[in-house]
Amino acid sequence: MTDLLRRQTPWEYDELELLAAAGERLSGSLEEADLLDRFHALAVPRLADGCRIDPPAADAAPADAPRSGSGLSLPLEVQDRRLATLVLHRSGGWTDREAGLAEELARRLARALFLARRDREAREEIAALRRREEELRQAHADELKRRDADFGRFVGTSPLGIIVVAARDCRHVVVNPALAELLRIAPDPERPMTSVSLEALPVRFARDGAPLAAAELPFCRAAALCEAVRNAELDVLREDGTTCTLFGHAVPVLNEEGGLKAVLAAFVDVTSRKQAEAALERADRNKDAFLAILGHELRTPLTAMVNALRLLRRRRGEDPAVRSACDLLDRQLAQCTRLVTDLQDISRIKRGRLALERSRADLAALARQALEVVRPEAERGGVALRASFPGEPVEAEVDPGRIEQVLTNLLGNAIKYTRPEGGVCLELERIGSEVRIVVQDSGIGMPPDLLAAAFDLYHQAEETLSRSQGGLGIGLALVRGIVEMHGGAVSVVSEGPDRGSAFTVTLPIAAPAGRREAGI
Amino acid sequence: MIESALTPDVVLLVDDHADIRESLGELLQEEGFRVALAADGSEALRYLRQNRAPCLILLDLMMPVMNGYEFRLRQREDPELARIPVAIISGREDAQQNALELQAVGCFMKPVDLDALLGTVSAYCPCSPGGTPC
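Chains as they are written, first to last, in numbering that gives the first Met the number 0: chain V, 0 to 519; chain Y, 0 to 133.
Everything labelled a hint here was simulated from the structure, so no lab data went into it.
No residue lacks a Cβ here, since even glycine has one placed at the ideal position from N, Cα and C.
Please note that a few of the clues may not be correct.
Claimed, not checked - Computed Cβ-Cβ distance ranges for the label pairs, DEER-style:
1. Y:Glu29 x V:Asp207: 41 to 51 Å
2. Y:Ala52 x V:Arg206: 32 to 42 Å
3. Y:Pro84 x V:Asp207: 45 to 55 Å
4. V:Thr503 x Y:Ala17: 45 to 55 Å
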């Protein structure tokens, strides 16, 4: 309407008709070429003999371009943007009225061209965005492919045997060359990773000699449970009859939604380590069996000597020199017998052949007996013995012989490592459902680094000193073994060399159910 | 009674080690018991079949030719011999358990506690001079 109002003279009917037709025709397309065709069809020959569109000149004149004879040059402008120049020809020249109408039509054409151009530009912009998006998508895909290739290279060259399970059912697995070699799968020269169905693997799996079903394999369990299976050991039985042992972990890899994407399992070949362990265990068992035989064999000469000594005492015992020699032999034979007994006992505990004979016993009475056993030794060593007991009996379900052995061992040990004029004190008290027995001495003590190993088999406080005192280094290991078989615990504290030691035994009052093994 | 006073009870000692056999045999004799010696199970069986039943058999377990277990088995199979009491003397770590299985009247771990052994012998052989008076 504003355009219409710009003119002074009102439009004729046919002019309005042309303008209306132009409005209708030009709004029906967004293609520039089509718009020009449509404009041409409207304007020629109704208004002009010919028309053309020139591209906008850089130095184009502003609106109201001159009329020159038959030509009429009209700038096509919208929002100060010069789109093109419309040039119309009319052989009879232009009246003001005609020129005004042409100008009005040019305005409509300019608007239509502007919209078409905006539309084209918008479409071009969208296309450019699409292209950019596609480029980014491609770059992302390339990156993923590169990462996949990197991952393949890493896994492919990993010295760890790697197995990937892609689905919960664990029917297919992908193995890297290191694992393929362990399983004796021929490598695929085309690809670093070998994809194979679990059933087609040329091996059988077992653990501790028992065959393993697919569902029991650590990586299949990890896939089925969607949780990590760690420290798994797996025996591999190959087609050629050889075997190896693998050790490793299987962990689930989750996708973005938290579901199972895959299971990644890594294994190392521990065959030689297992063989070394087995050899060590065999050697240890042989040693224990040897100790048992040694103990038995030593008992025969000990028996003959003890018997002969008794005969000697009977026949020549009245001679003081013979009696004194017999006393010495008695003591030494008793010591030999104790060592042999300790050896046999530790060997039995280690082989699980020692059974406790439990009964209800007064621990205070057992402690008093143990004190009497070691009293002669303490007196000879000039070591004072003290004890403290509760007023009433302290009963517990124990093997009385074995507990007396524990206390005799601890007291004997304390006396052995205490110098003359020192003291050894035994304290016994009931605390809740436990009995606590402390054997404290004022002896040579222990440096902190040796405390932790005090109860280890064959461990001795100090090589030279203990050698001078005798002993096999099994007394405390035996103490721990017997106490642990009772469901109790032993510990030792020492403030350091020459500051004494305190050994503490705690025993449950009631026999624990199913505790037999001792950890030596 | 009269007969037993004339022929006192015998302790049969079965052990393959001569030194043990002899030293323990001498000790028992010095304590007043009559002692018969056998070096293995088959010797012991031979002795039993040819002599009057001893009051007690002191039996080692580990012996060549016939060990203590086999001897005890054969002895218990023979109704004439089955009732003679047996005490085990052994250096085996599981001697106590073996003694239970073999239904022995006692078990002495080597080296034998002689006072305890003499106590058992005199309990089963009361009619020996070394035994409690009968």
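Outcome of the hint check:
| no. | hint | in the structure |
| --- | --- | --- |
| 1 | Y:Glu29 x V:Asp207: 41 to 51 Å | violated (59 Å) |
| 2 | Y:Ala52 x V:Arg206: 32 to 42 Å | violated (59 Å) |
| 3 | Y:Pro84 x V:Asp207: 45 to 55 Å | holds (48 Å) |
| 4 | V:Thr503 x Y:Ala17: 45 to 55 Å | holds (49 Å) |
This entry does not satisfy hints 1 and 2, going by the numbered hints stated previously.
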